[in-house]
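Given the coordinates of chain A, assemble chains B, C and D onto it according to the supplied hints.
There are 4 protein chains.
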Amino acid sequence: MSTVLGRNNYGKSGVRLVKVTRRPDRHDICDLTVDVALEGDFAAAHTAGDNTGLLATDTMRNTVYALAQGHDDVGDIERFGIRLVEHLLAAGPTVTRAQVRLAAHPWSRLTSGGAADPHAFQRGNGGDRVATVTGDASGVSIEAGIDGLVVLKTTGSGWEGYHRDDYTSLPETDDRIMATELTARWTYGDPASEIGFTASWEAVRAVVLETFGDHYSPSVQFTLHRMGDAVLEARPEVERISFSLPNRHHLLFDLSRFGLENDHEIFQATEEPYGLIEGTVERAPAPGSAADNGVVSASARSGA
Amino acid sequence: MSTVLGRNNYGKSGVRLVKVTRRPDRHDICDLTVDVALEGDFAAAHTAGDNTGLLATDTMRNTVYALAQGHDDVGDIERFGIRLVEHLLAAGPTVTRAQVRLAAHPWSRLTSGGAADPHAFQRGNGGDRVATVTGDASGVSIEAGIDGLVVLKTTGSGWEGYHRDDYTSLPETDDRIMATELTARWTYGDPASEIGFTASWEAVRAVVLETFGDHYSPSVQFTLHRMGDAVLEARPEVERISFSLPNRHHLLFDLSRFGLENDHEIFQATEEPYGLIEGTVERAPAPGSAADNGVVSASARSGA
Amino acid sequence: MSTVLGRNNYGKSGVRLVKVTRRPDRHDICDLTVDVALEGDFAAAHTAGDNTGLLATDTMRNTVYALAQGHDDVGDIERFGIRLVEHLLAAGPTVTRAQVRLAAHPWSRLTSGGAADPHAFQRGNGGDRVATVTGDASGVSIEAGIDGLVVLKTTGSGWEGYHRDDYTSLPETDDRIMATELTARWTYGDPASEIGFTASWEAVRAVVLETFGDHYSPSVQFTLHRMGDAVLEARPEVERISFSLPNRHHLLFDLSRFGLENDHEIFQATEEPYGLIEGTVERAPAPGSAADNGVVSASARSGA
Amino acid sequence: MSTVLGRNNYGKSGVRLVKVTRRPDRHDICDLTVDVALEGDFAAAHTAGDNTGLLATDTMRNTVYALAQGHDDVGDIERFGIRLVEHLLAAGPTVTRAQVRLAAHPWSRLTSGGAADPHAFQRGNGGDRVATVTGDASGVSIEAGIDGLVVLKTTGSGWEGYHRDDYTSLPETDDRIMATELTARWTYGDPASEIGFTASWEAVRAVVLETFGDHYSPSVQFTLHRMGDAVLEARPEVERISFSLPNRHHLLFDLSRFGLENDHEIFQATEEPYGLIEGTVERAPAPGSAADNGVVSASARSGA
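Chains A, B, C and D, in that order, give the protein sequences. Counted from 1, the first sequence has number 98 at position 98 by my numbering; the numbering is strictly sequential. Counted from 1, the second sequence has number 121 at position 121 by my numbering; the numbering is strictly sequential. Counted from 1, the third sequence has number 90 at position 90 by my numbering; the numbering is strictly sequential. Counted from 1, the fourth sequence has number 269 at position 269 by my numbering; the numbering is strictly sequential.
Okay, chain A solo, but in the shape it has when bound (with noise of 0.2 Å):
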């Protein structure tokens, strides 16, 4: 029997990095998670037993320390994640790709007689910052993105004429709660040089929080495509934006059979099963390009 060693990665995950920045008059906090993954030649070690061309996972670790001690905001991630990438490329022997994500933690500073406490914070919501850098011999690619935007409205939903089977029997409404884990991830068509990432970051969370709530949603579908046409239309620097959205459902509680009236008022949270809906919204391509084979839809936001 002849085998190959196919396709192959290994690094170190679930780094968990605090960092202080002391200024005057206030303290700072960055709290990342940090998954660091290498590709490169690494057979030997697979079917030899021969580790000198590994980096160990234990180095990686000490390396995501030492480098956010030298490094101005590891709060901006996409940047942090640029200078470990690099430094990876160069510090394994065989390395030829290395991918680092990060996720920043929200915290919110807390006050205190009134004014903002230097040093003091609470856990925050809306979100995880996150992102993914990628780095070869051809250079580095970014994927910027939210995870875990829990986000929710009690009207302005519903879900109706859909496809019918034998098997259906789901009755149709126009008032429904949606509620969902909102993750979406996005890439940018200009240079890494050119682009802010914390302020690109922070005006796509607004935009979609903005837009969750603007509309009537006829599916989860209807808005994830009108959040990310969105975007594109506010942030010229993003190239497209992928969204993935589980319907967490809240059921109408039946409180008929009590001889009560549930006006859109009781629900049920469930977890599972749960709908998920997932999709891309991207640039047009120029008309007659070769990538021209999407579903145009240049008036879908104006329409809706």
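If you are wondering where the hints come from, they were derived from the structure by calculation, not from laboratory data. A hint or two may mislead.
Facing chain B, according to a computed beta carbon distance under 8 Å, are these residues of chain C, among others [stated by the list, open to error]:
(1) K12
(2) G49
(3) L55
(4) N62
(5) T168
(6) R257
Glycine included, every Cβ here is placed at the ideal spot set by N, Cα and C.
What follows is chains B, C and D alone, placed relative to chain A:
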């Protein structure tokens, strides 16, 4: 052999209730998890398979939803808990004691066009509001609380002068990160009818957050006691308050082996093991009274 | 205002200890999570920032590892717990009470070439062995237990004849799935020095598993009582036993609306909400004794 | 601005199906979690709120339960997955691709009076059996796998001779604990109609478990490759196999500072950070073929 049935109870846990209050100009949302437990004479079910004395736990679930429909403000979970307990004491044919635990999960209103959105929310921070309401023939008792309030301060905390023995290896420090996921529980000295539970809960949390950051902390114990003292000073309706404070250790990462400084900047956040500090602060009994057996600390706070 | 420090304790939780016993022909493994908590006179730390009476929780962690080194069988968690408690009562300068909770996570030995592998294991099933050992000036008390024993029977369980009220909607059934994640806790009547804890624990679990399936169950309460009775009958060293039995509901899925039969074949497993049934079975006190206030059920098991 | 809808899919996740097969002498149980996802022309829903092309995710859930009723052995998850995919491709009016992921959770039969109990089970170990079945106009593809197989060896593992750089601090060792929660995924070279999926799955898991313990491991990479090689050698129907192996580090606890020995006996189990080693082993392409671009290791296993 002769055995007896000892203490027993049964009920329904994890009842997930979301109530939407539809006002003319906006919707409000209450998102609760409710646990119900009953005690009574359930011996026939245990020993003879006779269920005539048992209310189905499914009925308890229905009861939570049904009573929520006719209850004005289920977010005032102490009042809603009292309503549930009163109903449950009368519902089961042999029930002698009913306990309801409620947790309200925070949501914060989104903005839309600069103004508050009438229907859209994101998951909030600041911890769950919780309550345990227990009733029997002698009346109803109430314990209020906070769950999952995650706070951190980047300085103003140390750990020095502690007892050392053969197994002590920890170095002393006068500057560390202090982080915890705070749990608090308190009782009221005033009769339930005279307490504004929602205003009290908001005020207790505000005092806890303010006090957490307002002092140099020589130990988690000291901060626990100071927070308790501050609550009792600020809120005369509170009788005693207990805290459970897991110490989420942030370890200063050793960069000296790489020739780098680490002046309280770079930390490794850890999950396990964790310190766990628990304690109660309560009002001193009248001098000479039977209950006068505590550690008096009249000037604890002013002396900090 | 005058306040007092009430009940308080502190310690280290989540100490993850794996001990390998290297025998000539094979290795054995014990995988424990240990929680330590101390009570004593810690008022000076709480009120004056004086830590001289406090053992660091880091030292408690070190102590668990250090004492494990010199202890023959840490998998006999009751004996190891006694050793830890005795040390801790002497370790802190003001400690008056020490409590250690231990959980042993199961591993099962792999086979190699048809024989038992000397060094390789896979995660086992059948629940954690747990114990809580508490000591003070009056001596040491021990509570043994099982956590996370997930069991299910596909028939031989029903729920009928229960009390109905205005909010009852559940249909009766004489054939349902019964599933639970069983927690048990028991105490011993014999002195600790005379108990073989490991043999007792194995035997109690065997009786519980055997009894779970051996009868038609008209309610979770009935099965709880029958398991308790069976343990007390089989193991004279056990004084009383308590169970906590979440009822993991499996709902018969309604296929009739699609013209299909469902004769107890197709179920939807659910997580929330869940019934929770808790109770204790204990030995009857001598007739006429002060403690004779329970529900006597001498023939409970034979009459099932 | 002009945008296009890019790749998108939707479906139902977390469908919890338990099927009881009621045989004359015993019941069998299959406990599955099923995720369904569809791709197709869903543009009208995204851009115009037109749902006529969408099957409700609630209908997908119903479909899982309904088809389970008429399917002989849902525990053969690859065959049940094929049945679901074939149905779903025909069910939605515009569906072009259907993907079903299935996980079967293990249960082990209890004993009763020394014999196998006909109806009672406890949660098993040894990992979930998982499969992903994907179908479109070109046919059906199948990926089989194992999730959550937790294994550990107490010796026979080391980590030496690795690359060192400025941030390397880890000491070398030729004796450590190796522990992982193994995930495996594999594809079959034979047509689906000729594969006995259940027998193959059992055999692959047995080879993986046997190989995990049978050698000195100089790295997780080496063990990964050796397990893959062994599977391909033993099971000609398997085309390629991938593993994801988190390295659950067990740190030798430093007892020397307390004057105690620790000869590979006392370890601290940790969760974060963890190494993550991933790789694929596949059959070598025919010499000179277009696919001949891998790292050939014909004698990898015999040379270990």
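Going down the list of hints, with the structure as the test:
1. K12: Since chain B brings a Cβ to about 5 Å from C:K12, closer than 8 Å, the hint holds.
2. G49: Interface hint status for C:G49: holds (4 Å vs cutoff 8 Å).
3. L55: holds (5 Å)
4. N62: holds (4 Å)
5. T168: With a closest approach of 5 Å, the C:T168 hint holds.
6. R257: Since the shortest Cβ distance to chain B is 21 Å, the answer is violated.
Consistency with the previously given hints fails for number 6 only.
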